[in-house]
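These protein sequence lines are chains G, Y, L, S, C, X, R, H, Z and B, in that order.
Per my numbering, the very first residue in the first sequence carries number 1; after that it's consecutive.
Per my numbering, the very first residue in the second sequence carries number 97; after that it's consecutive.
Per my numbering, the very first residue in the third sequence carries number 193; after that it's consecutive.
Per my numbering, the very first residue in the fourth sequence carries number 289; after that it's consecutive.
Per my numbering, the very first residue in the fifth sequence carries number 385; after that it's consecutive.
Per my numbering, the very first residue in the sixth sequence carries number 481; after that it's consecutive.
Per my numbering, the very first residue in the seventh sequence carries number 577; after that it's consecutive.
Per my numbering, the very first residue in the eighth sequence carries number 673; after that it's consecutive.
Per my numbering, the very first residue in the ninth sequence carries number 769; after that it's consecutive.
Per my numbering, the very first residue in the tenth sequence carries number 865; after that it's consecutive.
Calculated directly from the structure, the hints in this document are not laboratory data.
Some hints here could point you the wrong way.
[Stated by the list, open to error] On the chain L side, residues computed to face chain Y include the following (Cβ under 8 Å):
(1) Val197
(2) Tyr215
(3) Tyr242
(4) Val273
Glycine is no exception: its CB is placed at the ideal position from the N, C-alpha and C atoms.
Number of protein chains: 10
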Amino acid sequence: MVYVVEMDVKIPETWSEEKIADYVAREKETSQKWQKSGKWVYLWRVAGKYSNISVLDVESPEEFHQIISSLPLFPYMTIKVTSVTKHPNAVRENIL
Amino acid sequence: MVYVVEMDVKIPETWSEEKIADYVAREKETSQKWQKSGKWVYLWRVAGKYSNISVLDVESPEEFHQIISSLPLFPYMTIKVTSVTKHPNAVRENIL
Amino acid sequence: MVYVVEMDVKIPETWSEEKIADYVAREKETSQKWQKSGKWVYLWRVAGKYSNISVLDVESPEEFHQIISSLPLFPYMTIKVTSVTKHPNAVRENIL
Amino acid sequence: MVYVVEMDVKIPETWSEEKIADYVAREKETSQKWQKSGKWVYLWRVAGKYSNISVLDVESPEEFHQIISSLPLFPYMTIKVTSVTKHPNAVRENIL
Amino acid sequence: MVYVVEMDVKIPETWSEEKIADYVAREKETSQKWQKSGKWVYLWRVAGKYSNISVLDVESPEEFHQIISSLPLFPYMTIKVTSVTKHPNAVRENIL
Amino acid sequence: MVYVVEMDVKIPETWSEEKIADYVAREKETSQKWQKSGKWVYLWRVAGKYSNISVLDVESPEEFHQIISSLPLFPYMTIKVTSVTKHPNAVRENIL
Amino acid sequence: MVYVVEMDVKIPETWSEEKIADYVAREKETSQKWQKSGKWVYLWRVAGKYSNISVLDVESPEEFHQIISSLPLFPYMTIKVTSVTKHPNAVRENIL
Amino acid sequence: MVYVVEMDVKIPETWSEEKIADYVAREKETSQKWQKSGKWVYLWRVAGKYSNISVLDVESPEEFHQIISSLPLFPYMTIKVTSVTKHPNAVRENIL
Amino acid sequence: MVYVVEMDVKIPETWSEEKIADYVAREKETSQKWQKSGKWVYLWRVAGKYSNISVLDVESPEEFHQIISSLPLFPYMTIKVTSVTKHPNAVRENIL
Amino acid sequence: MVYVVEMDVKIPETWSEEKIADYVAREKETSQKWQKSGKWVYLWRVAGKYSNISVLDVESPEEFHQIISSLPLFPYMTIKVTSVTKHPNAVRENIL
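Kindly produce the complete structure, drawing on both the sequences and the hints.
This is the structure we're talking about:
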């Protein structure tokens, strides 16, 4: 099943530059692990914003939540989740 | 360049069932023409809503607008447009 | 997989009382068919509003969309969809 | 009487990891106490978000408030409360 | 149990003056019937708006919904419902 | 003249438990002083939220502001103010 | 007592040009009657919008509501009402 | 003085295609008259939406309102107005 | 030219009482300087909120911005700006 | 391609005056570098707010994001991005 997710990151203003750098590095590592697994299919930067739009292809809502909540910045993001399906007008055989 | 678009359709309440059917049929035809051209890469149904999320890969903002505004229901949709780029953490070589 | 859905109904102001009664009757019939199938587990009225909160237990996002979009008033509702999973603090064995 | 509640948790950015862990542990303990009492019927995780949707079956608004406000993170959550009733189209005998 | 309700009335623009007058008259009759029963305790006009704030003291959420949904303009109102309880700082013995 | 007020309290996350307890105690004292004066007629807890809905019967907007702004947590609340009047459909002789 | 009011006018799309002209003329007549009485102190056009911001100096909330609700377009406006008082930092002796 | 304006057009659903075409043609004529006068400096289409962002350089708020309100579709647009000035960090000598 | 401005003040929670008192004192001084100049015509307190509505009569958008941005609490306020003009239905000769 | 961007700056309340001054100085330097390159065509101050509206003329969404995200205050701004194209009613030959 496929989810489209929009994540807006809000770096806490009281964090030191070291703490920020540490979180950002671990964020990259975690998201790349999931991308390489094939579950996190697309990761796009929203042009001009500290946000991304991602597309995940997962086995279940549980697996989807496991991936998103493993991100170190998860508690500091505003997240919009959309569950999508094949559209009746789509010409593409598969959803992805 | 890639745009992610969310379109919420609001069928006018005063239209006859024939007028609705005509618009819906032409909507399908138009969207499929653009999908076959390779410009409209993904067309997903938002589960449980009369909405879609689409991904378009176009030459320019002009071409993007030409495609979306050619949809017969264009004047009756609420549309959210997001311009996206390659994310620094993306492992995929290309954006699509 | 489980979805929680909130549906706000907005009866079109230009419809005759007959057309409204026809839609409302078919709405009831459709929702009861799905409830009896066991897919539409809970249908609650929001106290004081022309809205409902429902809980559906389905095989896939496709099946979920098939059920919701089969409702006659589907094009005239504002719908909020939430995909839910088992909570780590839940004591109940199963999600439902 | 039945309430559907959506709680969005926002962990304060200035708290130490110890303080966060302490609050999270007491949150779990409190919510499980109420679940075991039978008052807090469902506790679902919103997929992809630090939020839950819960269903409580209580004697009165007072009891409902007593339960929710006993959560240690209560002052740091954004909470949406919906009072629900049996729906006229519901086929299920009881509301829960 | 006590509910505070805010109702914003939106008279449909396509209705004739006769139809509007008929609805408004029946609205008055219905709300006064419930006020006289003692269930609809306060009915206030929001100064400068076509809205009211009301306070109802009812036996159950079912009774509350029965009262509000009996109003002829119910399908054409935007309604905000708040379930309230005795406040720990209240000096008044009873809630009303 | 009568105002209906909704106050959402947001306890600052950086305050010590002592500072919070001190503010909460003075908040109680202040609100009870005004309730006993007869100006602050109702103080209700919103079920499930750190909010209240209050009804004040005052001489003037000046007096109303004097009361609300005397609350120690006033700078940390989100406040919605509604000025209300007697409703033409009200059966009750007086507004309160 | 002084109210600041913002009124956004939404001309119903189904009205004939005659009906619109009639309403607009009566709207002017009504607002000018109240301006000449001294109760409606300022009537400003919001630059670039079909909206106005007005300042009224009235005896009571009842009188304020009587004035605003006498406008023929009252049911078709979105209205924001703000009750204001003398500011402690104001140098002007009187509020108006 | 310079205004940035965003106009979202909402074509009334009940209008005939002739009425729509007539309004659209007069809209074009009016906007071009003002553009040629040098007052309406930029008129941009928002990519993917039935909206425009415009920049006007006018003598006064009165002149600005005269221009925008002369558009035939003015009553059917949602308009956001922003008054702008020279920015202290701007390197450009003049504002336009 | 005339602007109507609504300013919501949000005192930073981490500031000491001395820092708050200092800012509040300088805020008063600055606003009174502009009021005495005749540019800041009205300064009203929003009843029940830490907000004001002000009316300024200035030479240009530049002068308007100079005044508002000179307030010490300017970076900590949420500000809504409305540019207004003489209304065609206004009976008053001048705008102020 | 042209983007219109609105940036609302929110200076973190916990920063020292030195840290703020440092960020503001580097913000100026960065924005002026891009303005001199010809990519950042307009930088306007929103009158009365700590916000700007900017117009950028760039080669690609990537270049646009590179410019905006190079601003030191980028993580502390709320940013609204609009991709614009030539309008069919525009009389100007080029978009800028």
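Now the hints, each set against the structure:
{"no.": "1", "hint": "Val197", "verdict": "6 Å, holds"}
{"no.": "2", "hint": "Tyr215", "verdict": "11 Å, violated"}
{"no.": "3", "hint": "Tyr242", "verdict": "16 Å, violated"}
{"no.": "4", "hint": "Val273", "verdict": "4 Å, holds"}
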